[in-house]
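Protein sequences, first through last, are from chains A and B. Note that the working numbering has the first sequence beginning at 1, numbered continuously upward. Note that the working numbering has the second sequence beginning at 1, numbered continuously upward.
There could be a bad hint or two in this list.
Below, a list of computed lysine to aspartate or glutamate pairs in the EDC-like style, where the Cα atoms sit at most 20 Å apart [as the list claims (entries may be wrong)]:
| hint | chain 1 | residue 1 | chain 2 | residue 2 |
| --- | --- | --- | --- | --- |
| 1 | A | 90 | B | 17 |
| 2 | B | 177 | A | 103 |
| 3 | B | 177 | A | 107 |
| 4 | A | 525 | B | 176 |
| 5 | A | 83 | A | 149 |
| 6 | A | 90 | A | 132 |
| 7 | B | 177 | A | 149 |
These aren't lab readings, by the way, just hints derived from the structure by calculation.
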Amino acid sequence: MAREVKTKSTAGLLIIIVLAILVIINLISINLFSRADLTDNQIYSLSDASRTLVGRLNDRLTVKAYITEDLPAPHNGDARYLKDLLDDYKAYSHGYLKYEFIDPVKEDKEDEAMGFRIPPLQFNVYRNDKTEYIKGYKGVVLIYGDRQEVIPFIENTGNLEYDLSRAINKLTLSRIPTIAFTTGHEEPDMSTGLNWANQLLQKEFRVQYLNLANMKTIPPEVEVLFIVNPRTAFNEWETYLVDQFLMRGGKLAFLIDKFRVDVQKSLVLPVESGLDSLMYHYGVAVQQNLVIDQQCKMVPVMRDMGQFQMQSMVYYPFFLAITGFNPENPIVKALKTFEVLFISPVIFNPDETQNTKQVIFTSSEHSGIRTIPVDISPEKKYQESDFTMKNLPLGAVITGQFDSYFNDKSIPAFSGVDTVSTDTLPDKIDSVEDSRVVVIGNGSFIMDDYRRNSTSFVILLNIADWLTQDKGLISIRSKQATARLLEVTSDGTKKIVKYVNMFAMPLVVVLFGIFRWQFKRAGRKKAGL
Amino acid sequence: MQQILVLAKKEFRSYFDSPVAYVVITLFLLIAGWQFATGMFLNNTADLRGLFGIIKFILLFFIPALSMRLISEEKRLGTIELLMTLPIKDWQLVLGKFLSAYLLVVITLLLTLIHYFSINALGEPDFGAAMGGYIGLFLVVGVYLTIGTFTSSLTQNQIVAFIVSFVIIFFFYVLDKIIFFFPGFVANLLEFLSIDYHYNNMARGVIDSRDVFYLLSLMFLFLFLTVQSLESRKWK
Chain A
1 MAREVKTKST AGLLIIIVLA ILVIINLISI NLFSRADLTD NQIYSLSDAS
51 RTLVGRLNDR LTVKAYITED LPAPHNGDAR YLKDLLDDYK AYSHGYLKYE
101 FIDPVKEDKE DEAMGFRIPP LQFNVYRNDK TEYIKGYKGV VLIYGDRQEV
151 IPFIENTGNL EYDLSRAINK LTLSRIPTIA FTTGHEEPDM STGLNWANQL
201 LQKEFRVQYL NLANMKTIPP EVEVLFIVNP RTAFNEWETY LVDQFLMRGG
251 KLAFLIDKFR VDVQKSLVLP VESGLDSLMY HYGVAVQQNL VIDQQCKMVP
301 VMRDMGQFQM QSMVYYPFFL AITGFNPENP IVKALKTFEV LFISPVIFNP
351 DETQNTKQVI FTSSEHSGIR TIPVDISPEK KYQESDFTMK NLPLGAVITG
401 QFDSYFNDKS IPAFSGVDTV STDTLPDKID SVEDSRVVVI GNGSFIMDDY
451 RRNSTSFVIL LNIADWLTQD KGLISIRSKQ ATARLLEVTS DGTKKIVKYV
501 NMFAMPLVVV LFGIFRWQFK RAGRKKAGL
Chain B
1 MQQILVLAKK EFRSYFDSPV AYVVITLFLL IAGWQFATGM FLNNTADLRG
51 LFGIIKFILL FFIPALSMRL ISEEKRLGTI ELLMTLPIKD WQLVLGKFLS
101 AYLLVVITLL LTLIHYFSIN ALGEPDFGAA MGGYIGLFLV VGVYLTIGTF
151 TSSLTQNQIV AFIVSFVIIF FFYVLDKIIF FFPGFVANLL EFLSIDYHYN
201 NMARGVIDSR DVFYLLSLMF LFLFLTVQSL ESRKWK
């Protein structure tokens, strides 16, 4: 067969052409790709919400991870998990997302990390038969234009995608969501207890205070309405406005104290907000009683000791230290303890089945209920039998479809002074496809008196975040890249497993070689060679 | 196709006629097994990431050692001319040689499955991640072997072939580890060119078409270059 005679130059040309084709194929494949996540829990698949989020980026987003290398277990895998996750974000970001890993200690960038308010943490290392502490960092900064979001430390990798997506969402959001608080029912406002809450919220949201009695409708820019501790009842019109606000897609947060409590006088007076049947209609209401819990905080008590007074600390079961958080709910999933004074349990409406109700936190395994008249004196002695109830629901969220409370009622007449406009009233809306409501049996926890209780305000901000978010982000569930541990086995078994892993296969290969050699030799002998 | 398989079979058998293959494979399994077993109960985790890390590193030496003689030996002995007189095309020869070595390496890698079975007995490893790791390894050794085949076709000297293929493989291996010295665009390019970067993606248990395409492209490129290098004898 005659072969073509090639010259050096045609061969060179051919090589260049093949190279070019390969480059083009790869360029196409970069943009047209698909992937299969083989892992058991699909831990490496970004949720659709996160994909669209980074897919929408149109400016450079820089992610800086300030993470100390070689952190001791169980933190050792976090950096790798974060990197994997960021790779996935990057893959969908059309090149707009860049990330870098910085070891603040090694690279002498501790000041930089501090500048982003990423604190140094202490990690325990077990070394030379004793526990030592090493300093390390585990924080992430996201920078987009002149805005930045900081995750000061990665607490658990299961929530990492949610945290990152939330931060990206915040950074890229062009609008600032508006939150409103109702007034006119002796609710706390900026000057009467919500000063600190207001300050915190204003960093991320526009905050308004609305007296519903004088409004024909709640302003359309309001996305979330907080109803915190009304002391007098909402009238029919106000209730209607709240209902219609939800029907047009607004989100509601009911933080309701069911009692006015005077600790000095040991006085507990029920409060009527007029919203109970509305809330129950939506799916969750607050019960008119107080929860006591064996898992509680101490309070100071003054005691007369003959001539003089002495202060002592006693456990006070009305001062709960809540630890039963729902790990699936973004409002509370990262929390450790929430200390709250005088909280009422929530009750679910079993007939309302269109929406999804989820408890967000509960009392401990040893708790109970006190109905009025309640003795709230710290001196009161309690028995084991007072704490027979378990995990009472104290807060809940409702998501999904809601029907108007006024569907089988007449629309109340507008009775206030029209201060907004002379427009006609908007038509009644009968239902909403998808909205969200938060109900908690205490409203005082966000007031200035509790300013030192940081968990309270984390919950407040989380509620506001959760209610203002896109639906997609909420769907990002906590994913656990659980460390798969080996079962504890005896030292003897360990040794055997070790040696099998070391020598079994090399031995197989050697034996195969010997066998084959013997076999061949036998074959040769047979053949008389 | 027939010719390729016949050639591959013959080559594959010839590996087992000399002690070299046994020594190399035994050494490979010993190092991997020893490293894996010592770390196994220290980390106490049921995954193979550690193992894959070691294997990737040993492969840097293992593959050039296996592939160095593939074509260079024929060149040195002059048997290449004999092969050329057979009714077999250059590309068939190259593919046959490559496949024989590939089969050997794949079998060697499959022998390391014992480590998967032992962690499977003691814990619950993520099967998908392990599978992704192996699929990735099969692709990576494919690339390494095509590089080895190519360099083996360049010279008569096995040692030269070993060194040159080691250098090229090491270059692709180390690319994504030096990107911090480069500005953004170059860094991205280097990262994409790096074999290890694509491998790490797969070792997580995520099979991405981009990684697969790139590694297949590299394999094709080096096989093609090998064919060109063989044909260069006839260039004017």
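| request: Could you grab the alpha-carbon distance between residue 177 (chain B) and residue 107 (chain A) and see if it respects the 20 Å cut-off? | output: holds, 17 Å
| message | Would the hint linking residue 177 (chain B) and residue 149 (chain A) be met if the CA-CA limit is 20 Å? | response | violated, 28 Å
| said: Check whether the Cα positions of residue 525 (chain A) and residue 176 (chain B) lie no farther apart than 20 Å. | reply: Outside the cut-off at roughly 56 Å; violated.
| Does residue 103 (chain A) lie within 20 Å of residue 177 (chain B) when you go C-alpha to C-alpha? | Cα-Cα ~16 Å, so holds.
| 20 Å Cα cutoff - pair residue 83 (chain A), residue 149 (chain A) | holds, 18 Å
| query | Given the proposed pairing of residue 90 (chain A) with residue 132 (chain A), does the C-alpha separation stay at or below 20 Å? | reply | With a Cα-Cα distance of about 37 Å, the restraint between residue 90 (chain A) and residue 132 (chain A) is violated, given a limit of 20 Å.
| 20 Å Cα cutoff - pair residue 90 (chain A), residue 17 (chain B) | violated, 50 Å
Comparing the model with each earlier hint shows violations of hints 1, 4, 6 and 7; every other hint is respected.
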